[in-house]
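Protein chains: 4
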Amino acid sequence: MQLGLVGLGKMGFNMRERLRAGGHEVVGYDRDPQVTDVSSIAGMVEKLSPPRTVWVMVPHGEPTKSTIRELAGLLESGDLVIEGGNSPYSDDQENSALLAEYGISYVDVGVSGGVWGAANGYGLMAGGDAADVERVLPVFDTLRPEGERARGFVHAGPVGAGHYAKMVHNGIEYGLMQAYAEGFELLAASDVVTDVAGTIKAWSHGTVVRSWLLDLLVRAMEEDPELEQLQGYVTDSGEGRWTVEESINNAVPTPAITAALFARFASRQDDSPAMKAVAALRNQFGGHSVKPNDD
Amino acid sequence: MQLGLVGLGKMGFNMRERLRAGGHEVVGYDRDPQVTDVSSIAGMVEKLSPPRTVWVMVPHGEPTKSTIRELAGLLESGDLVIEGGNSPYSDDQENSALLAEYGISYVDVGVSGGVWGAANGYGLMAGGDAADVERVLPVFDTLRPEGERARGFVHAGPVGAGHYAKMVHNGIEYGLMQAYAEGFELLAASDVVTDVAGTIKAWSHGTVVRSWLLDLLVRAMEEDPELEQLQGYVTDSGEGRWTVEESINNAVPTPAITAALFARFASRQDDSPAMKAVAALRNQFGGHSVKPNDD
Amino acid sequence: MQLGLVGLGKMGFNMRERLRAGGHEVVGYDRDPQVTDVSSIAGMVEKLSPPRTVWVMVPHGEPTKSTIRELAGLLESGDLVIEGGNSPYSDDQENSALLAEYGISYVDVGVSGGVWGAANGYGLMAGGDAADVERVLPVFDTLRPEGERARGFVHAGPVGAGHYAKMVHNGIEYGLMQAYAEGFELLAASDVVTDVAGTIKAWSHGTVVRSWLLDLLVRAMEEDPELEQLQGYVTDSGEGRWTVEESINNAVPTPAITAALFARFASRQDDSPAMKAVAALRNQFGGHSVKPNDD
Amino acid sequence: MQLGLVGLGKMGFNMRERLRAGGHEVVGYDRDPQVTDVSSIAGMVEKLSPPRTVWVMVPHGEPTKSTIRELAGLLESGDLVIEGGNSPYSDDQENSALLAEYGISYVDVGVSGGVWGAANGYGLMAGGDAADVERVLPVFDTLRPEGERARGFVHAGPVGAGHYAKMVHNGIEYGLMQAYAEGFELLAASDVVTDVAGTIKAWSHGTVVRSWLLDLLVRAMEEDPELEQLQGYVTDSGEGRWTVEESINNAVPTPAITAALFARFASRQDDSPAMKAVAALRNQFGGHSVKPNDD
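Chains as they are written, first to last, in the UniProt record's numbering: chain A, 1 to 295; chain B, 1 to 295; chain C, 1 to 295; chain D, 1 to 295.
Chain A extracted, bound-state conformation (with noise of 0.2 angstroms):
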């Protein structure tokens, strides 16, 4: 089928492509003049047929709202927006609810899958109305990895959906990560296992632990078997810290994935200020010796 995409960084080209591959036609926008195809939104809608279909892909937040504005103004009723970036399931309900005055439809997903989407298929978690999601179902299919529709997509629930699994999943993807890091800092720490890179590999098939970031986690030590080329310094997007706050709202104990998060948190820390309390009140009852900061 015939739709828009507004955004064609790492996850929107690499969509574009597969969506042609697939044998939809995508008129693509981006601020990019590289990659664009046409020079602004308004001249990507003047060249879909309506009903329109058109697919946001740009970051969370300011950019993502005023696209879905600018939309809001450019497109009319029957059409229909796919909100794909990693917003919050918050903005969701807004942003219906503004494109639901110009009787414009609306569907969030949760897109994973990362650079190697374009090749694997993307995973896909819809939120929307059924026959909202039902349109767009081609756009969808040819997104996902083949096989099972039901193993690579999913119309999660009403609006917010979409985002609302997406954060979970990437919430989830929070504690895997730091369950293989914890795992490989042990192993590096012992001089018991003298084979560090290749236990790793040896996980890749038959064991409980094999999974498509242990997989991952073999390619990067491939390249660097210590980890010696890069620093332990994480940054984090959203998703883990709206999990956290979402399992804080809902009273759920979700202590692995924020431990996760908080590893991130300390990561960027050149010091830490608590630890720096803690010293102090050791050095104040026992006479504990401390670092003086020589800065």
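In short, the hints are calculated from the structure, not lab data.
Treat the hints with care, since some could be wrong.
[Stated by the list, open to error] Which stretches of chain B does chain C cover? Using the computed rule of at least three CB atoms under 8 angstroms from a CB of chain C, they are:
#1 172-185
#2 230-242
#3 271-281
Every residue gets a Cβ at the ideal spot worked out from N, C-alpha and C, and that includes glycine.
Given chain A, work out where chains B, C and D should sit, using these hints.
Just chains B, C and D now, with coordinates in the frame of chain A:
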């Protein structure tokens, strides 16, 4: 090659099948007359031609130790014992030293894969001298999954390294399961996602969190979509505890794996003594109401 | 000085007593006719001479907000409202802005001390303009414990700072209680220490862990040495959640405080959905037995 | 009464002062000629009249064990040894059994209070036979804080119970310090509270979080309000590790205490190997940028 196999339980029984299917001659012994090939360990040893290889696959602790002691008296110089149970790596030095007095070689191996190993092959992590590991490689090659050896087998280091690697593997496994479990609970607690089982199934392909454990969770939820037929009661068999203890010994922070261990501990408590103390404190300072114990 | 006081519950009632004992003229209003001095907030305002001071001490959220709105219509320019409930600091901007439209000043104050504050004095943390805080200092000086002002009162910063400080105070409180509670549970679980209540009581003087909370735990255990008369069921009233949310907003790792919050969540679950998922996984891969749900 | 005292470091030196001020006759031995009363342990024993009492107050592990062994050869039947160092409780059985062979009694005692104990008295937790503890009660009564005995001293149980109680005490101490430290970091990170040091000082009286540790934090911040003169680097001396190990042995969840221990581990790492692994994974699946290691 020819080998003896002590222990034909859930793991050993299947391993005998896979080894025989791979062309090996296996003499299996188990206390259970329904499954054993011989009536005693001594009988098993008699059927083997020197230099003998005996694989021990019984519960860790005293069962393994007494089996090793018995083999020390039955085998002779030049023979080799493989200890494949879920033993703590600290037992391997003891076993190895005992057998060395009799000139018997020792290889420890961590075996992963559970009941699925029969069909898929087992992930194997071996510890011991290179010559000893080399000698029994045909056995490992049959047990491990097909394909590249390095993706299902590793000679991880000296004696103890196999069980150490398996311990860390299982520690990671605790963390992975906890991460999925927290995500499941959050999805189930919130009312945004209405198709929880479908969402988790949709992660099977294309997503970052896809894994064999996820496939198993999907399988479990196909039988019982809300997991309402079983209790949230989880035992632990040692490796998780040892992983945390080793992380403490090596000053390695393992918050996610530890969270998983503590969640299991808590799952087995009818009531939390710690939370009684917190309830008592809140009642003391704030007059907050408490729930009296009606037992 | 003269002041109105809205809310005469566990906290407000005692505060009125302490203020009157300190020579202040307090006109208290509460919905409960047994304790109120006047029949309405309007009646309370009528009894006060301008420039008026009104302390609001009702549950946070809608009760506080509606009280502020009502006062905005009753008070006049030059009056001052003190909001002393356990509100999130984010509500203070809104309250302050609303009252400012009418020329009414606003001070937020965190109040700690629970039911003991009547006798011991309350720890106070105020937020607002310096002139406003200065103006009601006589009230604060009566409510706070005797002795050096700086050890029981702080002007922590601009509007919101009082509730922010109180939020962090309560977050710490969660962590402190959890630490004592974990120690209690360990002492009770092990059979090495035979006099658990006596051990905790012996920590009252001289030790590093001595504190007011410890004194309260000793008090609780004097009434019920094994804390067997109450359930390990603990509610939470907001500040712990907000502390963790703020720590996430500021990328500050707060693992101990978060552990305390999650322990409370878990204390209120009859069964753990997450642990059902772990049990299901172990059953899938290892054939580990599970506890069927007999409900 | 008369007693020998081996070890006159930060703790032992002050204890000798306090004991002498309390009217006891103390013969102290230390390797440091500046502080010792005698030139050898043997010389110390010679100065004591049977039945002798000797308090051992040296670092745990080999120093304590070798002192016990030396005393076993020097003392005689009917004498009594008090082991007051920060030893793991598991050492007490061994010490006790060794001395019992010579008819020498053994009491283990946990001593809390740090450098402040000289003035305030020490919190004491004793393990041993009732008769043995009774016999040295005059010494305990002098060392403990003035006032009710039960608020500064406990006979916690049989041999080992003193050190066990001290271990749990210190585990709790880890958790308490971590809670204050996290609160401090959050206050410092946010810009809502502008007077962080003043806020913490204001918690000294009246609040729920008031404690001796809080007083010490206030003291430290009076010298260095932002704690900028020291590094967030914290060592650990054993009790925290043992507490977590014991909690694992007893299947007791101790997430807050463990969080405190792990925070100390992390404080001593220049870079986090685990976070390198997470950074590597994110780079693999998402092309997320990493920080190269420029070392």
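How the hints compare with the structure:
| no. | hint | result |
| --- | --- | --- |
| 1 | 172-185 | holds (count 7) |
| 2 | 230-242 | holds (count 6) |
| 3 | 271-281 | holds (count 11) |
In summary, the structure agrees with every hint in the numbered list given earlier.
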